[in-house]
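**Student:** Top line first, the protein sequences correspond to chains A and B. According to my numbering, the first sequence is numbered sequentially starting from 1. According to my numbering, the second sequence is numbered sequentially starting from 1.
Calculated directly from the structure, the hints in this document are not laboratory data. Mixed in with the good hints, there may be bad ones.
To be verified - No more than 20 Å apart at the CA atoms, straight line, and that leaves these computed lysine to aspartate or glutamate pairs for EDC-like: (1) A/K171 with A/D152; (2) B/K93 with A/E308; (3) B/K93 with A/D97; (4) B/K93 with A/D208; (5) A/K171 with A/E141; (6) A/K688 with B/E122; (7) A/K688 with B/E130; (8) A/K586 with A/D641; (9) A/K688 with B/D124; (10) B/K70 with B/D124; (11) A/K252 with B/D19; (12) A/K688 with B/D123; (13) A/K252 with B/D21; (14) A/K373 with A/D51.
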Amino acid sequence: MTVPLTQHRLADGPTRRAIVQGGALMVGFALAGVPTRARAATGDAGPRPVDPNEVDSFLAVNGDGTVTVFCGKVDLGQGLRIAMRQIAGEELGIGIDMIKYIEGDTTLTPDQGRTSGSNGIQRGGMQLRRAAATARQALIELAAQRLNAAPDDLVAKDGEVRPNNGGAGIKFAELIGGRNFKIKLNPKAPLKDPATYTLVGKPLPRPDVPAKCTGGFTYMQDFSAPGMVHARVIRPPAIGAKLIGVDEASIKHLSGANVVRLKDFLAVIADDEWTAVRAARALRAQWSEWSGLPAQDKLIATLRADPEVTDEVLVTRGQQGPSAQSGAVSRSASYFWPMQSHGSIGPSCAVADVRSDAATVWTASQGTHGNRKTFARFLGLPEEKVRLIYLDGAGCYGMNGHEDAAADAAIVSRAVGRPVRVQWSRQDEHGWDPKGPPQLLDISGAVDPAGRILAWRTEMWLPQTTRGLPDIPLLGPAAAGLDNVRGLQPGLISQNADPPYTADNVQVLVHWLKDAPLRPAPIRSPGKPANCFAVESFTDELAAAAGLDPIEFRLSGLADPRGIEAIRRAAALMNWQSRPSSGANKSAPVMRGRGFAYVHYKHSESYVAMGMEVAVERGSGRIRVERVACAHDCGQIINPDGVRAQVEGSILQTLSRVLMEEVQFDRSRVTSVDWSSYPILRFPDVPKLDIVLIDRPTQPPLGAGEAACSPVGAALANAVFDATGARLRTVPFTPDRVKVALSAV
Amino acid sequence: MTTYRLRINGVERAIDSSDPDQPLLYGLRSVGLTATKFGCGLGQCGACSVLVDRRPTRSCLTTIADTQGKSVVTLEGLGSMAAPHPVQAAFIKEQVPQCGYCTSGMIISAVALLAEKPKPTEDDIRASLEGNLCRCGTHVRVIRAVMAASGQGG
Ligand code: FES
Ligand code: FES
Numbered sequence: 001m002t003v004p005l006t007q008h009r010l011a012d013g014p015t016r017r018a019i020v021q022g023g024a025l026m027v028g029f030a031l032a033g034v035p036t037r038a039r040a041a042t043g044d045a046g047p048r049p050v051d052p053n054e055v056d057s058f059l060a061v062n063g064d065g066t067v068t069v070f071c072g073k074v075d076l077g078q079g080l081r082i083a084m085r086q087i088a089g090e091e092l093g094i095g096i097d098m099i100k101y102i103e104g105d106t107t108l109t110p111d112q113g114r115t116s117g118s119n120g121i122q123r124g125g126m127q128l129r130r131a132a133a134t135a136r137q138a139l140i141e142l143a144a145q146r147l148n149a150a151p152d153d154l155v156a157k158d159g160e161v162r163p164n165n166g167g168a169g170i171k172f173a174e175l176i177g178g179r180n181f182k183i184k185l186n187p188k189a190p191l192k193d194p195a196t197y198t199l200v201g202k203p204l205p206r207p208d209v210p211a212k213c214t215g216g217f218t219y220m221q222d223f224s225a226p227g228m229v230h231a232r233v234i235r236p237p238a239i240g241a242k243l244i245g246v247d248e249a250s251i252k253h254l255s256g257a258n259v260v261r262l263k264d265f266l267a268v269i270a271d272d273e274w275t276a277v278r279a280a281r282a283l284r285a286q287w288s289e290w291s292g293l294p295a296q297d298k299l300i301a302t303l304r305a306d307p308e309v310t311d312e313v314l315v316t317r318g319q320q321g322p323s324a325q326s327g328a329v330s331r332s333a334s335y336f337w338p339m340q341s342h343g344s345i346g347p348s349c350a351v352a353d354v355r356s357d358a359a360t361v362w363t364a365s366q367g368t369h370g371n372r373k374t375f376a377r378f379l380g381l382p383e384e385k386v387r388l389i390y391l392d393g394a395g396c397y398g399m400n401g402h403e404d405a406a407a408d409a410a411i412v413s414r415a416v417g418r419p420v421r422v423q424w425s426r427q428d429e430h431g432w433d434p435k436g437p438p439q440l441l442d443i444s445g446a447v448d449p450a451g452r453i454l455a456w457r458t459e460m461w462l463p464q465t466t467r468g469l470p471d472i473p474l475l476g477p478a479a480a481g482l483d484n485v486r487g488l489q490p491g492l493i494s495q496n497a498d499p500p501y502t503a504d505n506v507q508v509l510v511h512w513l514k515d516a517p518l519r520p521a522p523i524r525s526p527g528k529p530a531n532c533f534a535v536e537s538f539t540d541e542l543a544a545a546a547g548l549d550p551i552e553f554r555l556s557g558l559a560d561p562r563g564i565e566a567i568r569r570a571a572a573l574m575n576w577q578s579r580p581s582s583g584a585n586k587s588a589p590v591m592r593g594r595g596f597a598y599v600h601y602k603h604s605e606s607y608v609a610m611g612m613e614v615a616v617e618r619g620s621g622r623i624r625v626e627r628v629a630c631a632h633d634c635g636q637i638i639n640p641d642g643v644r645a646q647v648e649g650s651i652l653q654t655l656s657r658v659l660m661e662e663v664q665f666d667r668s669r670v671t672s673v674d675w676s677s678y679p680i681l682r683f684p685d686v687p688k689l690d691i692v693l694i695d696r697p698t699q700p701p702l703g704a705g706e707a708a709c710s711p712v713g714a715a716l717a718n719a720v721f722d723a724t725g726a727r728l729r730t731v732p733f734t735p736d737r738v739k740v741a742l743s744a745v
Numbered sequence: 001m002t003t004y005r006l007r008i009n010g011v012e013r014a015i016d017s018s019d020p021d022q023p024l025l026y027g028l029r030s031v032g033l034t035a036t037k038f039g040c041g042l043g044q045c046g047a048c049s050v051l052v053d054r055r056p057t058r059s060c061l062t063t064i065a066d067t068q069g070k071s072v073v074t075l076e077g078l079g080s081m082a083a084p085h086p087v088q089a090a091f092i093k094e095q096v097p098q099c100g101y102c103t104s105g106m107i108i109s110a111v112a113l114l115a116e117k118p119k120p121t122e123d124d125i126r127a128s129l130e131g132n133l134c135r136c137g138t139h140v141r142v143i144r145a146v147m148a149a150s151g152q153g154g
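Chain A on its own, in the form it takes in the complex (with noise of 0.2 Å):
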């Protein structure tokens, strides 16, 4: 049968009432649903502050002694978990196993924005970091006063506040145990010297490692809900195609298996998820012919053809207009980013539970707090009647179906009245979740003999929905008609496109382009890797133009002893002997060059220095990376194994990136909805990795998660032009892309 939204169906199974009687008992059954992490200490009773300007959202002493640090950035496999207790309990002076850990419920913990950008340690821990340090001066002045003692007298330290020299303290809990501290988060409580770290600085394992190792770690795709049912959404065989009619007879095989029907929105149910799956094969649905996607082959022309385009100007600097010099060589050369999928290895998943008065979803999105605006406005609840809660899916690097996948949940859960997990398959997470969009950009300037760049213009074509304008709609609230809101900014995907050096002039021009072929999201360093891919390739390509070594041509023109010593270390660690590229064996049939790249994030966070061994094989046209040393520097480290385990993935994922990863499409539909289809780096690609991490406890902690990811396509490129003389400017670049640029060499 076919289930209005409107029908409020009660289902066989627990029924409602016993699952919840009001929107208090509510919170009491989502937590007693939730795995033991969001169990642990929510201590007392009653509603929880959560605005990021109060101590309380942030940090609970319990009245045993523990503390229980709430956080609203998510743990996606970066580490936060570890690192956000080394940095309270550093400030607060209590250890690691004395803390207990809320992430991302937006009941319980503070907004602190969307977890991306690579910003989870670098604002929200700095915002834990300030609530710590409050609370520890709240706490020595509570302690002042009972021992009659100044406040400098005191000291902070293992869960207790005592006299610097000596005797007997006060623990917390008896200072302030199981008691809010209400008081806002001061910007001029006293930090801690890092010379007397303890915990920051250390590589201390993360806590959610051993289960994850052992079987015993929830995912969002192990949780269920009392009651639940199985859930798939059938999407349509071309993006904008329009159901027609749905044929139940055909599933009437399939016991307890029910369609589930809104407008274009189509959905089976069943209480078993293996039904479901078979429901979903075996659903007859027609839908209208649609074909409104450019043709993948013309998509750079369509792009640069677009009639209409916004435009406008990002950087200018110095003196604009053509500089004759007398040797100046000039250059210009066109680079292309294609669309790419996020490639979770798991699809998405969620599960809702919304009633008529109130909702709570468990999804993996990156953005619990952010999604509720979105979520109650389609369910039509107000916003503090939903409640999202964060549970760890695979590994999404941005936005992929984690939201589209709580959508879908919620709506069929309003539909049947019953707490619904939707599963996604692997042919929906390929070709549904948001792609990164396409980038092109063209890059012209000129170089003196001395290697002074004289000129430098780029020009991109950016989708403009990556500026946050118009929506990015959620997949199912489009379907269903339902009220869609405005989605999510697919980053700041026009960062990184001037270069780091010194230049006479420099502009950077963005022809913001309507549409995005397909729905655009944040992937991973949002819009950086291609960037920095066609900025730090043409700056080796002006440095080839004036003979000179790229390593040096680089350091002549940078200032920042920051990025100077980064790209000293990575040329150490590749033992770079100074020549300028191309190399010698250009003509041998396995050919081997060294390629570099450095960035320094956004122009104002890390500094990566990247290089780069390759073997290219004439005949096949592979490209062997054999090793990548990297040199990264992100201010003062808070966990230097977490550091080192993002670089190492992001080098990879993005080696991936650039090696094979391009979205296909056909006039209607992604055509690439599978691994073979959209292949992905497998351990034989794997290189060596050399990676120094730089440590600069005094300075602010910045972001680790993707800075990585944007010199690897510029090193890689130029490590091939080093070794064949050809210049790879497509991504990816496949054998059939490398034989081509060889043979025009």
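Model the placement of chain B with the ligands on the given structure of chain A, informed by the hints.
**Tutor:** Relative to the frame of chain A, chain B with the ligands by itself:
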């Protein structure tokens, strides 16, 4: 409904299914053994790897009927947090997982490799794990952990 009897992690279990073609993966997960992951359902990613009669097997492509009477080992059956299998212990020591969604399949594949080849080379490891995909980029740690678990390196 048919009841299928198999030995899972050393324990006789009965799994009910109305479809003999139901993949083992869904059977395992339906009885609460959720360490084995759905990644593609197409035999392309390795996330669903288990041992069936000690052989590494894609549980998304193996049917419940075909597994009847056989012995299945999942990640949960290898060891526990208190007493991890040597490969699990090495993965923990090397801090391999990021999201960890691929980790179950990686560990199962590594256990199968070491059963066949107790002292693999790095190239053996790369070759035998080629069918296990990881998007987070934990590969170098996986290799290190498998080398360590085999008593080499580290
Ligand atoms: S889920 Fe079985 S191989 Fe991917
Ligand atoms: S750890 Fe995330 S996919 Fe491997």
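**Student:** Next step is simple, just say for each hint if it's right about the structure.
**Tutor:** Outcome of the hint check:
no.	hint	verdict
1	A/K171 with A/D152	18 Å, holds
2	B/K93 with A/E308	55 Å, violated
3	B/K93 with A/D97	19 Å, holds
4	B/K93 with A/D208	13 Å, holds
5	A/K171 with A/E141	13 Å, holds
6	A/K688 with B/E122	11 Å, holds
7	A/K688 with B/E130	16 Å, holds
8	A/K586 with A/D641	39 Å, violated
9	A/K688 with B/D124	16 Å, holds
10	B/K70 with B/D124	28 Å, violated
11	A/K252 with B/D19	15 Å, holds
12	A/K688 with B/D123	12 Å, holds
13	A/K252 with B/D21	18 Å, holds
14	A/K373 with A/D51	16 Å, holds
In this structure, the earlier hints numbered 2, 8, 10 are contradicted, and the remaining ones agree with it.
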